[in-house]
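**Q** Line by line, the protein sequences give chains G and L.
So that you can map any letter, position 99 of the first sequence is 99 in the UniProt record's numbering, and since no number is skipped, the others follow by simple counting.
So that you can map any letter, position 209 of the second sequence is 209 in the UniProt record's numbering, and since no number is skipped, the others follow by simple counting.
These aren't lab readings, by the way, just hints derived from the structure by calculation.
Given the structure is predicted, the values throughout are model-derived calculations rather than measurements.
Incorrect hints may appear among the rest.
One side of the interface only, derived from the structure: several residues of chain L facing chain G at Cβ under 10 Å [as the list claims (entries may be wrong)]:
{"hint": "1", "residue": "Y120"}
{"hint": "2", "residue": "A313"}
{"hint": "3", "residue": "V386"}
{"hint": "4", "residue": "A391"}
{"hint": "5", "residue": "Y492"}
{"hint": "6", "residue": "R514"}
{"hint": "7", "residue": "P591"}
C-beta atoms are modelled at their ideal positions from N, C-alpha and C, and glycine is treated no differently.
Residues per chain are reported as follows:
2 protein chains.
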Amino acid sequence: MTAAGGPAVPTSTAAVALRPLPLSGSRVVGGFWARRLEANRAALPLGHERLLEAGHLGNLRIAANEATGTAQGASFWDSDVYKWLEAVAWEYAHSPDEGLLDHLRRLSRTIAAAQRDDGYLNSAIQLRGEERYARLWTSHELYCAGHLIQAAVAAARATGEVQLLRVATRFADHLADTFGPDRRGELDGHPVVEMALVELYRQTGTRRYLDLARHFVEARGHGHAAKPGFDPSHYGDPAHYSDRLPVREAETLEGHAVRALYFAAGATDVAIETGDAALLAAVRRQYDTMRRQKQHITGAVGSRWDGEAFGEAYELPPDRAYAETCAAIGAMQWAWRLLLATGESVYADQIELLVYNALLPAVSLREADYFYVNTLHRRTGARGDVQRSPAHGRRPWFNCACCPPNVMRTLAGLPAYLATGTEDGLQVHLYAQSTLTSGGLTVDVETDYPWDGLVTVTVREAPRREVELALRMPDWAEGSTVDDKPVAPGGYARTRRVFQPGDQLRLRMPMPARVLVADDRVDATRGCVAVTRGPLVYAVEQPDQPAGVILEDLRLDPATPPRPEHRPDLLDGVTVLRADGALARGPAGSPYLPYGQPPAPARSTDITLIPYYAWANRGPHAMRVWIPRRNA
Amino acid sequence: MTAAGGPAVPTSTAAVALRPLPLSGSRVVGGFWARRLEANRAALPLGHERLLEAGHLGNLRIAANEATGTAQGASFWDSDVYKWLEAVAWEYAHSPDEGLLDHLRRLSRTIAAAQRDDGYLNSAIQLRGEERYARLWTSHELYCAGHLIQAAVAAARATGEVQLLRVATRFADHLADTFGPDRRGELDGHPVVEMALVELYRQTGTRRYLDLARHFVEARGHGHAAKPGFDPSHYGDPAHYSDRLPVREAETLEGHAVRALYFAAGATDVAIETGDAALLAAVRRQYDTMRRQKQHITGAVGSRWDGEAFGEAYELPPDRAYAETCAAIGAMQWAWRLLLATGESVYADQIELLVYNALLPAVSLREADYFYVNTLHRRTGARGDVQRSPAHGRRPWFNCACCPPNVMRTLAGLPAYLATGTEDGLQVHLYAQSTLTSGGLTVDVETDYPWDGLVTVTVREAPRREVELALRMPDWAEGSTVDDKPVAPGGYARTRRVFQPGDQLRLRMPMPARVLVADDRVDATRGCVAVTRGPLVYAVEQPDQPAGVILEDLRLDPATPPRPEHRPDLLDGVTVLRADGALARGPAGSPYLPYGQPPAPARSTDITLIPYYAWANRGPHAMRVWIPRRNA
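Take these sequences, add in the hints, and give me the full structure.
**A** Right, here's the structure in full:
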């Protein structure tokens, strides 16, 4: 079975609608995703080099007495090592490689040696002789524990190696001895330990880990995470830590986006394992509110640089979208848990949206460079200010390097998101060239998705009983057919019968380009349209436009549907869209003019759109997802 | 003569087009501004209490051995005391009051006692035993020196008291001994000392202060201000400190807005006093670029919370406008210097725009509460996160309390901005009920401005020679007349003759409401209109709308001109505007919908707009300056 930091694996007794496939039950065998996962695999050695060069590995080695020196960086740095190890574990499961296993073993030894006798482990805090848990609002000590646990569970499931799991359980035991209703009451400023403890409970069966996770979930919302005393910054604001309202009372996510999402995913895990219907209903309500009010069209979330935070409802600026890569990953993890719990396709739609348009844009097609912030709009000549500015383009690493190893582990674990199983069936959620197995039913999925909507599912092995093969019908898939029979978008196209090897299902999803607008309440995109095709959000980027076009002057004509054209030569092979538009330059001078002036003359131009995920692979250029419409 | 931290007073040898009036030459005698200045005067004792309570005064007293204790707060805190003292000085000039003078004298003694023997002074650094100038990118040591100098010059000019001026010159001498081409090369992270040193040169005639200011102006742009070594935050970014490009090469303001504006104003001072035409041309170009590309419709500047910074060109979000109060003040100071240097009315237009719509909104009508961040859009139910969030409403003080005393000193010095003089004339820039004197010409200005555009100027005394009375014609003042003769907007209506006491000029400026749109490149306000009348920008605020109106659903009909209605009972007396509009609620569900859906049915509604400066005086409510237009 798969998946710690990424997908969750409920216990057999948990009341869920769907179950993850076993780790071997989901393999990407070619096509679009094979190339992207191969690029991610190639990034893993680079990740190791960067962890070494930046000093993350050094901290642990010094703490393990394997090296000498002083601590570098922040007390959250260990977590990046753990995320990288989790990536190594998942990657090993898909293509066993002694080099990867050797990395895992060596680093596990280092980590074990760095751990204190009582189970505590944080290399920077230890090396600096800082008091444990004295500044939990910013120290990330339990956050690091969470990532350690997730890596350890992944390693155990993917490789059978349990050395890291022993370290993780010792740390978890120490946490259970230290925190809880009758013990220390503080909360870590950055959630993740909740998800991790539930997963450790699932892996080990030790109930106190679940109990501690439940405690952390229930205790939040009473101001136990904020910096004590008056602090005028985000550190003084309980909302920054999802700590303003108890999870059962909250109607919307607020504050620091990654913290809020990891916490919501952890709360969902607790709801699943404790059968807590009220808690599940609360987090579902919160997801729905987020989806309707606080999600960019790419699926990305987070609207504010200041505090790396959610904004108000409908505060969704394309240019200053924060859209942190880790937030997209957190949303995927949360959606996965809700998909398992409910079996509702809206959560799989979300995962697809996020994977293609919020996760994938965060990594370059080659060279393993990453975005921390995923803007939806880069102006001509934009200048990056701080290190994480997307105007700089992607970067190999960051001083706060949470995102690169998070992408690595998520892509390494991606096959787990393709499908789920039930006692009598298989549910295909993401369409990729793949082989999927559940309960004796093995199918080969062939498709040129996301470029083409034809998906052929061929049964390779089948049990001698009636089972159900369910194919997700994306919310955009109007006019689809399964074996020429119409199926509506939304939900699943279900075929229940006794399958024979060689049986085929043919799902055809038309993929016209779609021109979308945002709800009127989204102030930042008024008068603009965005273009999607199939699961992909498109963007205009400077290099694809005719010479002399200034992106700021571009207007898209929404009346003529953009036309797809596959370009195998471009950006590792993409289907571009050709649209009609115009160039209109507003008057210069004061930017504020009397209403009703005749519009400046416009001249027609062709517009080429590329998939948003592929932007910023040709240097820093102007780009926009939301394009002003002609004659708005 | 007037004005240190606010307006500048060029030397008699400086090549300027216009000269400030003497301090006694500009008095507000009634009307709109008398009430606002009275409220500011009433705030001064509160300012003293708050400086005492927060600990700012305590630091200086401890350093002066007048009290015991440890340093509170940050090393920029002294500056807030100095700004408050400057306010006291200007206020004393208008209405001498022994209580104010006593405050000034006592605090000057304290400050003198806190000063080190060699002239250095920073209470927090001294009390903490920190090394001087070791962290200039963040310590604000020269910034505090600058505000001390400005307060001291103001005190000398307004009261004749020179104790503070002696402290300031000793500090300036110490700075001149310490910094410069052959001395220390670092720069303060936060400019203001440039303006201050030039003003001290003007006050004392000591050339080395001007030379040091010129050095600081020319040295910036070579990375001497940024935090040394790699720093991934704004502290590592030279642009944050206007230190990326030399001032002569920069085309636009960037980075931290207040720093950039104070620096530009200081560079303008240097250009004026050294007769440096190339430097003057550079800062004029930068002002023009700012005005065209980076200024909110209210005149406010600063688009990014992160780094308190300018954004890219046309990045002007109403909801996340940073629009720091101090940035509006910095822009006023800069515009004033350019007005003196050039005599061009565009800079007086800017001052008027800023005073009414960027400075005045920062302070409540009563109770002396302040905005640090001046948003142009507060959503229904918005929740403030950090202390400075405008969603909280205005506050009496802030942990970083730069804005409140900056408003105090600027309003206390406001009469200086009303008019200027030349050898043979008087130029009236701002219309207020006032008495103005220049070169033997004294006039009484009577007007109900900003509610009414009739301005009557009556000559009280006149020299027996031909002089020129120039009345600024605001850029919005279409259809105006002076004594029934048409005059065009922009520039000055000039009347040159031998005036007799009792002579009158009648300037009539029609004040229809104007419906404006932004340049198409301003993405954040596309499809919206804003409404102005005379010098005032208007806004819709929840309490003025009919019951049941949700501000997010409001659409303004730009075809029908909004109708003015004076409401003496409302908000200390305002002219409101009545407009036609509609309520339209977009569809719910996913915020992203296919283009071309029929619009939701709209029902007509009345809309009432109030002057933007008066919002947030009835508790926290939804507000918008930019209103979606009907049928956009």
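**Q** Each hint should be assessed against the structure and marked as holding or not.
**A** Cross-check of the supplied hints:
no., hint, verdict
1, Y120, "violated, 29 Å"
2, A313, "holds, 7 Å"
3, V386, "holds, 6 Å"
4, A391, "holds, 8 Å"
5, Y492, "violated, 19 Å"
6, R514, "holds, 6 Å"
7, P591, "holds, 4 Å"
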